[in-house]
Every structure is written in C-alpha cells, then in structure tokens.
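Student: Protein chains in written order, with numbering that gives the first Met the number 0: chain A, 0 to 297; chain B, 0 to 231.
Just so you know, these hints were derived from the structure itself, not from any lab.
Among the hints, a few may not be true.
What the hints assert, rightly or not - Derived Cβ-Cβ restraints for the label pairs, each shown as a range:
hint, chain 1, residue 1, chain 2, residue 2, range
1, A, L224, B, A59, 52 to 58 angstroms
2, A, V154, B, A162, 40 to 46 angstroms
3, B, T167, A, S274, 41 to 47 angstroms
4, A, V81, B, E215, 56 to 62 angstroms
5, A, Y88, B, K74, 21 to 27 angstroms
Unchecked claim - Sample of chain B residues facing chain A (criterion: CB under 8 angstroms; computed from the structure):
hint, residue
6, T47
7, E93
8, A100
9, Y101
10, I208
Ideal Cβ positions, reconstructed from N, Cα and C, are used throughout, including at glycine.
The residues making up each chain are set out below.
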Amino acid sequence: MEFVAQQIMNALSFGAEYALLALGLAIVFSIMGLVNFAHGEIIAVGGYTMVAMAALSLNNPLIVVGAAIFAASIGAVTLERVAFRPVRYADPTTGLLTAFGVSIVLQNLFLLLVSPRPIAVTSLYFLEWPIPFAGLRISSLQLFETLTTIIVIVVMMLFLKRTVLGLAMRAAALDFEMVRLTGIKANRVFATAFLISGVLAGIACVFIMARRGSVDPHLGFDPVLMAFVACVVGGFGSLPGAVIGGFLLGAIEVAMLVLLPQSLGGMTEAFVFGSIALLLIWRPDGILTPPREKGDKQ
Amino acid sequence: MLVVQNLNVFHGPIEAVHGISFTVKEGTCVSLLGPNGAGKTSTISAITGVAKSTGSIMFADEDISALPVETRIRKGIAVSPEGRRVFANLSVKENLRLGGAYNAANVDSLIAEWFETFPILGERRDQLAGTLSGGEQQMLAIARALMSEPRILLLDEPSLGLAPKIVTQIFTMIERLKEKQMTILLVEQNATLALRLSDHAYLLNNGQIVADGTAETFGSNDALMAELTGLA
Chain A
0 MEFVAQQIMN ALSFGAEYAL LALGLAIVFS IMGLVNFAHG EIIAVGGYTM VAMAALSLNN
60 PLIVVGAAIF AASIGAVTLE RVAFRPVRYA DPTTGLLTAF GVSIVLQNLF LLLVSPRPIA
120 VTSLYFLEWP IPFAGLRISS LQLFETLTTI IVIVVMMLFL KRTVLGLAMR AAALDFEMVR
180 LTGIKANRVF ATAFLISGVL AGIACVFIMA RRGSVDPHLG FDPVLMAFVA CVVGGFGSLP
240 GAVIGGFLLG AIEVAMLVLL PQSLGGMTEA FVFGSIALLL IWRPDGILTP PREKGDKQ
Chain B
0 MLVVQNLNVF HGPIEAVHGI SFTVKEGTCV SLLGPNGAGK TSTISAITGV AKSTGSIMFA
60 DEDISALPVE TRIRKGIAVS PEGRRVFANL SVKENLRLGG AYNAANVDSL IAEWFETFPI
120 LGERRDQLAG TLSGGEQQML AIARALMSEP RILLLDEPSL GLAPKIVTQI FTMIERLKEK
180 QMTILLVEQN ATLALRLSDH AYLLNNGQIV ADGTAETFGS NDALMAELTG LA
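I would like the entire structure built from these sequences, with the hints used as guidance.
Tutor: Below, the structure written as structure tokens:
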C-alpha cells in the first residue's frame with residue numbers, strides 16, 4: 000500500500016513536470032503551428048541565470064527562482080521578436096527549421112560563452128526535504144512540483160476563459176486571420192503566447208534544476224523531447240491534451256520503472272516509447288484532437 | 000466614407016480584381032453584385048488588408064491601403080466575412096466579447112442588446128458557436144462585427160447557404176441597421192434582395208465593374224436584372 004502510494008506520488012510529479020513542459024510547447028503550437036524545439040534552450044537560459052545569480056552571491060531562494068523564471072520569459076519573448084516573427088506567416092517547415100537553428104545557436108553560445116561542462120547549481124537544495132505523511136515519506140520537491148503545476152493549470156484556464164487576450168488566443172488556434180479582423184493585434188497574441196511558454200519553461204526549469212543540481216549546454220534536449228511526446232500523445236495543439244499527455248507519460252514512465260524486471264532496467268525508455276507507439280495506433284491523432292472545422296456549417 | 004480607386008487585388012501571383020473604383024458615402028448602403036468568382040470577396044479582403052492589393056483605399060479621408068489589418072479595423076471598419084467564420088470553439092458570449100475587444104467600455108451592455116435583438120443567441124449564450132445552425136451563426140457573425148461599434152460594416156454574402164426564411168430575418172435586420180444610418184458595403188449574389196436595400200450598386204464580373212447605378216436604374220434595366228437574377 001505504502002509502496003503504491005509512493006509510486007503514485009512519483010507518477011504525479013513526473014507527470015506534472017511533463018505537463019508544464021508540454022503546455023509550453025502546445026500554447027505556441029496552437030497559435031503558430033510551430034513546434035518550438037528551442038523551448039529546451041529557454042529552460043537552459045533559466046539554469047544559467049541561476050549560475051549567474053550564484054556567481055553574484057545572490058542566494059536568496061526567492062530571488063534565484065524569480066530571476067530564473069524572469070530570464071526564461073524574457074528569453075522566450077526575445078526569440079519570438081528576433082527569430083520567429085520574421086517567419087511567422089512562412090511555411091511551417093521554415094518555422095521548424097528556424098526553431099532547430101535557434102536551438103543550435105543557443106546551445107553553442109552556452110558552450111562558447113559559459114562552459115561545455117556541467118556547472119553545479121546548489122541554491123535549490125532547500126526545495127528537497129522529506130515530509131512524513133501517514134507513514135509515507137513524501138519528497139517536498141514532488142509535492143511542490145505537483146501543486147505548482149495544478150496552480151499553473153488553474154491560472155491558465157482562468158486566463159484563457161476570462162480575459163479578452165485569453166479568448167483571442169483560443170480563437171486564434173482556430174482562425175487567426177479572423178482574430179485580426181476583430182481588431183486584436185497579431186503581435187500581442189504571438190508575444191503573449193511566447194511569454195506564457197517562457198514562464199512555463201522557467202517554472203519547469205526550477206524543478207529540473209532542483210532535481211539535477213547542474214546545468215550544461217544540452218540541458219534542454221531531454222525535457223523538450225518528453226514535452227513533444229506528451230503533446231503528441233495528448234493531441235498536438237490541444238492544451239488540455241498537453242496536460243493529459245504529460246500526466247499519462249509520467250504514469251507510463253513510473254509504471255515501467257516499477258514493473259520491468261531488474262534485468263530490463265536499461266530499457267525503460269524503449270518500453271515507454273513502445274507503449275506510446277501502441278497508444279498512437281489506437282488513437283493516431285492523440286487523445287484529444289483539437290477542433291479543425293471552421294465556423295461554417297453549410 | 001470609403002473611396003476605393005484603381006484597386007487591383009492579388010491572390011499570390013494571380014490578379015483577381017483589375018483596377019476597380021467605387022465609393023460608399025456615409026450613411027448609405029452600397030452593394031457589390033456579381034456571380035461567383037467576380038472578385039467581390041477579394042475586394043472586401045483588400046479593404047480589410049487580408050489580401051494584397053495596389054491602388055488607393057481612402058477611409059474617412061485617410062489612405063489606409065498600407066496599414067496592417069488590425070489598424071484598419073480599429074479605425075472603424077468591421078467585417079462579417081464570407082462563410083461567417085464564427086469562433087466555433089468559443090461560446091456565443093465569448094465570440095461577442097472578442098468582437099468588442101477594443102471597445103471594452105460598452106461590451107456588457109452591447110452584448111445584452113444583441114441578446115434582445117436575437118433572443119436565440121441569448122438563449123444559447125454559453126453554447127459553443129460551432130453548435131449553432133447556419134442562420135444563428137450568421138446572426139452571431141454580424142453581431143460580433145457590430146460589437147466594435149464600427150463606422151462602416153462590410154457584409155460578405157450574408158444570405159449564403161441559408162434557408163429563405165432565415166435570409167428574410169437577416170435582411171430585416173440589415174434594413175434596421177440602415178435605418179439607423181449605418182454605412183454598409185454589402186456583397187451579395189442574391190441581387191434582388193441586395194438591391195432592395197441598396198442606395199447604389201456595382202456589378203462586378205471577372206474582376207471588373209461592368210455596370211453601376213442606383214437600385215432604380217438596375218431595377219428598370221430588364222436585361223441587366225435578367226442577367227443578375229438569372230430569371231429571363
């Protein structure tokens with residue numbers, strides 16, 4: 000019983016991280032049709048900001064966390080302005096190649112300007128302590144991660160339901176030109192999408208760094224891959240799909256870790272992706288497929 | 000209010016409209032008539048900036064032809080587009096809120112007014128717009144356009160694909176708008192209906208204006224009416 004509860008907590012926290020990452024990809028994709036593979040580098044920007052803060056001997060956890068999220072947000076908005084805006088109305092392939100290009104450029108900048116080696120980030124160790132709860136030992140980090148993700152999802156839902164800009168973003172996923180025809184500025188919608196994805200990357204970065212304890216130029220690769228998979232599983236472009244895909248991916252991963260015999264331990268990922276392949280045979284468009292029809296019903 | 004001169008409209012490399020000129024005076028209803036593919040919708044797209052065009056588009060004595068879409072809309076142009084294009088994944092009320100996005104002060108009272116004008120929209124305020132019937136979607140598209148309290152309304156094929164009874168309803172509503180001195184540019188295939196409302200009409204064919212005049216001159220020209228309505 001205790002073991003099961005522990006694993007459920009593991010699955011939730013893994014899933015929460017993937018959901019955060021997947022939401023960041025999905026919000027941009029739903030509006031631009033762009034899979035932003037540079038999302039991982041935004042996470043790395045947050046990580047290196049923490050390193051910089053430590054170098055400046057700023058160790059107040061709140062400042063470190065705030066600065067990382069702020070830097071990731073600024074990073075994402077800057078990328079939109081500099082790299083993605085010029086190709087906004089271009090072919091989707093152009094956008095995709097731009098994203099890969101940006102990703103490579105940023106990785107090499109980290110490599111050249113900072114260091115090819117991992118740098119330790121110790122300022123987040125405070126996030127990790129065991130909480131005894133009903134005979135379980137819950138990791139505070141897991142608890143924080145799950146709760147933060149739930150709060151983020153609620154805030155995003157409120158934003159998308161209650162604010163004009165949120166409504167515009169949902170509408171833009173369906174018919175962006177029509178949104179412009181209601182007088183809403185395209186630039187604002189795009190910038191907001193990237194701002195949100197940057198904030199999400201920043202928050203995810205805090206948890207990734209708390210767990211890994213170090214940052215290197217290729218930090219972003221694994222998270223963005225898992226985010227991509229979560230989006231595909233949930234239905235690309237659908238925000239609820241991204242959340243569901245994230246949590247499902249977390250659950251599958253933990254299930255494989257627990258269920259696979261020791262001798263197959265090295266093949267966990269193969270089994271995870273294998274089960275996702277099976278899932279996609281059952282539902283090729285993902286669990287939730289975003290609405291494709293236009294308003295016309297002739 | 001709107002003076003279009005020597006307008007060419009392009010879809011990619013193809014020129015769909017060749018050097019047309021027309022005028023919509025304040026408080027009047029002007030219609031662009033013509034068959035499928037005549038360039039009517041292209042003309043609307045050029046006015047809103049969605050399609051590329053050359054020539055001059057003067058709106059309220061200002062050349063808007065180089066401005067981005069949103070800026071033109073914010074100057075007081077509203078469009079109810081061909082195919083309605085309501086936001087199917089948003090509720091009726093949310094569609095209207097977006098229509099009034101940069102007119103925030105009056106949004107709530109305007110929405111309440113629309114729910115009075117079209118009670119069916121009021122009944123379905125929280126329903127997704129994609130679940131509405133074609134006629135209801137058309138009402139919503141017009142209401143959404145008018146949420147911005149525009150100075151000119153561009154109405155693209157409001158009768159398309161609708162049952163005759165619904166078409167009558169929509170045109171009664173347009174008539175009421177006209178009584179309130181709303182400036183309207185109406186694009187229609189149904190010439191009889193459009194001419195009944197219009198102060199002036201232009202007939203387009205193959206991207207050119209082939210005839211223009213008041214509703215009366217069109218009405219008294221039997222050959223032209225036969226061509227327009229398809230009735231000999």
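Student: May I ask which of the numbered hints given earlier this structure violates, with the numbers listed in increasing order?
Tutor: 3, 10
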